[in-house]
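As you go down the protein sequences, you meet chains A and B in turn.
Each residue of the first sequence is one higher than the last, beginning at 48 in this note's numbering.
Each residue of the second sequence is one higher than the last, beginning at 48 in this note's numbering.
Hints in this document: simulated from the structure, not taken from any laboratory.
Heads up, a few of these hints could be off.
Pairs count within a copy or across copies, as identical chains cannot be separated in the list.
[As the list claims (entries may be wrong)] Below 25 angstroms or equal to it, Euclidean Cα-Cα: the simulated SDA-like pairs (lysine to any residue) are:
no., residue 1, residue 2
1, K362, D335
2, K396, N148
3, K287, L394
4, K301, N205
5, K287, S66
6, K450, D160
7, K446, G140
8, K156, D116
9, K398, Q244
10, K396, D97
11, K156, S448
12, K446, N149
13, K240, N149
14, K398, E288
15, K398, A154
16, K482, A445
17, K398, E228
18, K450, F170
19, K446, Y79
20, K398, G351
21, K396, G96
22, K482, V442
There are 2 protein chains.
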Amino acid sequence: MRNSAIDGVRGRFLDFSESVEKRSDFDGAVRYVEDGLLLLKEGHIVWFGDWSEGRDQLLEDAHIHEYPDQLIVPGFIDCHIHFPQAEIIAAYGEQLLEWLNNYAFPAEKQYGDIAYSREMAEFFVAELLRNGTTTAAVFCTVHHQSAEALFAAAQRRNMRIIAGKVLMDRNAPPDLLDTPEIAYDDSRMLIEKYHNQGRLLYAVTPRFAPTSTPDQLAVAGQLMREYPDLYMQTHLSENKEEIQWVQELFPDRKSYLDVYEYFGLTGPRSIFGHCIHLEDGEWKGLYDTDSVIAFCPTSNLFLGSGLFDLERARKENVRVGVATDVGGGTSFSILTSLSEAYKIMQLQKQKFSAIEALYMATLGGAEALSLDHLLGNFEVGKEADFVVLDPAATVLQAKRSEKSETIVDLLFALMIMGDDRTVSHTYVDGRLVHKRE
Amino acid sequence: MRNSAIDGVRGRFLDFSESVEKRSDFDGAVRYVEDGLLLLKEGHIVWFGDWSEGRDQLLEDAHIHEYPDQLIVPGFIDCHIHFPQAEIIAAYGEQLLEWLNNYAFPAEKQYGDIAYSREMAEFFVAELLRNGTTTAAVFCTVHHQSAEALFAAAQRRNMRIIAGKVLMDRNAPPDLLDTPEIAYDDSRMLIEKYHNQGRLLYAVTPRFAPTSTPDQLAVAGQLMREYPDLYMQTHLSENKEEIQWVQELFPDRKSYLDVYEYFGLTGPRSIFGHCIHLEDGEWKGLYDTDSVIAFCPTSNLFLGSGLFDLERARKENVRVGVATDVGGGTSFSILTSLSEAYKIMQLQKQKFSAIEALYMATLGGAEALSLDHLLGNFEVGKEADFVVLDPAATVLQAKRSEKSETIVDLLFALMIMGDDRTVSHTYVDGRLVHKRE
Chain A
48 MRNSAIDGVR
58 GRFLDFSESV
68 EKRSDFDGAV
78 RYVEDGLLLL
88 KEGHIVWFGD
98 WSEGRDQLLE
108 DAHIHEYPDQ
118 LIVPGFIDCH
128 IHFPQAEIIA
138 AYGEQLLEWL
148 NNYAFPAEKQ
158 YGDIAYSREM
168 AEFFVAELLR
178 NGTTTAAVFC
188 TVHHQSAEAL
198 FAAAQRRNMR
208 IIAGKVLMDR
218 NAPPDLLDTP
228 EIAYDDSRML
238 IEKYHNQGRL
248 LYAVTPRFAP
258 TSTPDQLAVA
268 GQLMREYPDL
278 YMQTHLSENK
288 EEIQWVQELF
298 PDRKSYLDVY
308 EYFGLTGPRS
318 IFGHCIHLED
328 GEWKGLYDTD
338 SVIAFCPTSN
348 LFLGSGLFDL
358 ERARKENVRV
368 GVATDVGGGT
378 SFSILTSLSE
388 AYKIMQLQKQ
398 KFSAIEALYM
408 ATLGGAEALS
418 LDHLLGNFEV
428 GKEADFVVLD
438 PAATVLQAKR
448 SEKSETIVDL
458 LFALMIMGDD
468 RTVSHTYVDG
478 RLVHKRE
Chain B
48 MRNSAIDGVR
58 GRFLDFSESV
68 EKRSDFDGAV
78 RYVEDGLLLL
88 KEGHIVWFGD
98 WSEGRDQLLE
108 DAHIHEYPDQ
118 LIVPGFIDCH
128 IHFPQAEIIA
138 AYGEQLLEWL
148 NNYAFPAEKQ
158 YGDIAYSREM
168 AEFFVAELLR
178 NGTTTAAVFC
188 TVHHQSAEAL
198 FAAAQRRNMR
208 IIAGKVLMDR
218 NAPPDLLDTP
228 EIAYDDSRML
238 IEKYHNQGRL
248 LYAVTPRFAP
258 TSTPDQLAVA
268 GQLMREYPDL
278 YMQTHLSENK
288 EEIQWVQELF
298 PDRKSYLDVY
308 EYFGLTGPRS
318 IFGHCIHLED
328 GEWKGLYDTD
338 SVIAFCPTSN
348 LFLGSGLFDL
358 ERARKENVRV
368 GVATDVGGGT
378 SFSILTSLSE
388 AYKIMQLQKQ
398 KFSAIEALYM
408 ATLGGAEALS
418 LDHLLGNFEV
428 GKEADFVVLD
438 PAATVLQAKR
448 SEKSETIVDL
458 LFALMIMGDD
468 RTVSHTYVDG
478 RLVHKRE
C-alpha cells in the first residue's frame, strides 16, 4: 500500500508562503516556483526551492520523481465529511431532515458490522486519495467500530485524519442511538487508543443538537475539558427547519450556536459544518470563541440548504475551510467543491478567486483545522502531503490549459473543470499513495 | 470516422413511449425494457422490443452490439450551445456583459479564420459525442466560415444539428460586426447551402437584442418569413443588467421578449436561451407564440445569472429543453447540466425527478426543438441516435450503482455523479461515433 520513500520531487510548485491575515491579500502570499525541487526525509519536507539551487545537494543515487508538465500543490484538506455515507451519494429528492431519515440513517446502520466498516473505510480512504485529499475531518457512525475501522485505514497510510464516533441519543432509529454513558465510555476508549497516535487526531462528534440530549451534550463538553487538545465537530444552521427544531428542543438557549456554547463545545478546535443561516449573534459567537466553519458547497446546493455567505465570514474574520460533506455532498473532489463554491459566490455577486480557493483548500484549511504548524504548504519541517495536478487530464482540459496565459488562469480552469482525473498523483507522508490509472 | 453500419443493439433500454402533455405524468410515459433489442436500417429504427420477441427475426450473420450491464437511452439533446466558446470554458470572475467583452468576443474573433474554424469544429463535435449529445442547437460566430465549418463537421457524421451564423451589428468589437445586408446575404447563402441538407437545419441567430440594430432584427424577421421552416435562436432575460440595457435600447417595446416578437422572431421554432427573470407578460408571450426555452443550468450558476423557475414553466405550459451553454456553461455534459438543474430546483424547493430530467434531455428536448417526429425515443421509424451509459464508469459510481434497487434511482445517481465517462458509447445515424477510451 505504501510505496518506498523517495528523496524528492521536481516540478512546478504552487503554494502559500505564509498565512493570510484577515483573509485579505491572498495574492501577496502565493508562491510559484516554476522549476522547483522539494526534498523529503521521513515524511517531512527538508528543503524547498529552485531546482537550480537545490540540484547540487542531491546525492548521485537520489530518487527524484519529476513532473515537468503538471502543477504540484499541497494536499487538499476536507473539513467535513461523513465516512459512512459514501454509498448514498446522490440520494433523491429531499432536504436535510427527510434526507437523514430516508437515506443517511439506514446507510449508517450497516456500520455496526466491523467487517463492513473495514471494507468501507478502505474504500473511503482510497476515494479521498483519488481526489487529492490528504487530510480530512471525518464523521463516523455511532458505532465505535466505524471509528476504529477508519483510524486503522488512515494509520496504514500514516494520513493525518481527524475523526470521531458520532454521539446520538435521540431522534434517530433505535439501533443508531447510544446513551450519554456509552458516548462517554466509547469516546474515551477511542481517544486513549487513537488520539495523537502517529498522525491521528480525535474529534468529539455530536451529530447535531437535535440528536443529542442535554445530558449527552454535557458529556461531550466534559470530554473536551478532560482532553484539552481534542477537536469537536458538528453541524450548525444548515437548514431552516433544522433551526426551528433546535429552538423547540432547546427553548432556553438564545440561538443554535448558543446550545453548543452552553455545553462548552465552541473553541479554536471546534468545527461547525454549514453555518448558512447564522444570526448576527452567532457570527459574533464564532469569532469570540475562535470557532471554525466548514463550508460545504456541493451539499448546500444538493440539499437545497442555501447559499453560504463567505463575504460575511471574511468580514467577521472567522476561519473557513472547504468541505465535501459526502454524502449530502455529491463529490469527493475538493476541486469540484471549489467550483460549486465559486457558483455560490457568483449567485451572491461575491468574488472568489482561484488563489483564495487554493488557499482555502490547503494552508487555509490547515489553519481552519489548527494544523498549519504541521502542514498546508511546502515550508521546511512540515509534513510531506502533496498532490500533482494534470492540466491535460481530459481532452477539453488540455485544450483549455493550452489557452491559459497565467498560472492563476490555469488554476481557475482546473478548479472549475476538474475532478478526480485532474489529480494524477497523491503523496502522503512523503510517499506516493495514489496514481491515476 | 463513421464505423460501418450495424444491424442492431441489445441491452437495457430506457426511453419515453409518448409525449408528456402539460409536463405532468412523466412516470406514466417512461418505458423500460430490461433485455431489449433495437434493430436499425439506414440510420433508422426498424424494430424495438424485447429480445425474446425480436431474436427470431435476426438473420444468422446479423451484427449486434450487446451491452448487458449498461443502460441505453436516446441521444442527448443540447438546446443552446456556442461552438466558438469551447476554448474559454471557465473564464474567471465576471457576470454576463463583462464576460462577453473580456472572454467571449476575443475568442470568437479567431473564427474568421476558416482553418481555425475547421479545427475547432472537429474538436467541438467530438466533445458533443464524448458527452452523448447527438443533437444540438448551436451558435456560431458572426463569420459565415464558422457556420460552414460546423455544418461540414456535422455532415461528415450525419448528425442532426441546428446552427446559424450569429447576427451582430452593434455593441461588439468592430471585427465581430456584420451589417443588416451582410447578415441577410450570408444567412441566405448558408440556408440555401445547408438547411435541410441531410440532417442539417438552419437557425437565424441574432446573438441578443443589444447587439443587433432594429434594422438587423427586421432582416432576421424577413428571413423567417421567407423560409417558414427555419429556426430562430437567441438569448432572453439572462441577467438583470442585460434586461435594463434592452429597455434603454428599445424604449418603445414593452418587454425584452416584445423586442423579438415585434420583429417576428417568436414562434414554435424560436428558442430562447435562459429566461430567468421573465415578467408575467413574457411568460404569456412565450406560451401564446408557442416559443421555447433553453434552460442552461451550469451557465446560470457560473455567471451568477440566477435560478430558472421550472415550476413556472410547467404551469405556463411552455416547452423547456436543457442546454449546456458552453462556454458560459462549464461542461459539455448534459448529465452534469441535469445535476446542476436539480440543485437549482432544490434551492427553490422545487422537485425535479430523474425521469423528468431524462425526458428533458431526450424526447422533451426533441419536442422543444420540434424534432420529436424524427427523434427523441426508440419509436420505429425514428432516427437512430442513442447513447450507452455505464453505471460503473468510476469506482464510486460502481459502488453507488451496486446499492441501487430501482432503475430510477440508478438513473438519478448517473445524473448527479455522471460526466463524460458515464457515456461509454455514442451512436449517430445508427453508427458508433464515439467509444470511451
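Quick one: which hint numbers does this structure break? Sort them smallest to largest. 4, 5, 8, 9, 10, 13, 17, 21
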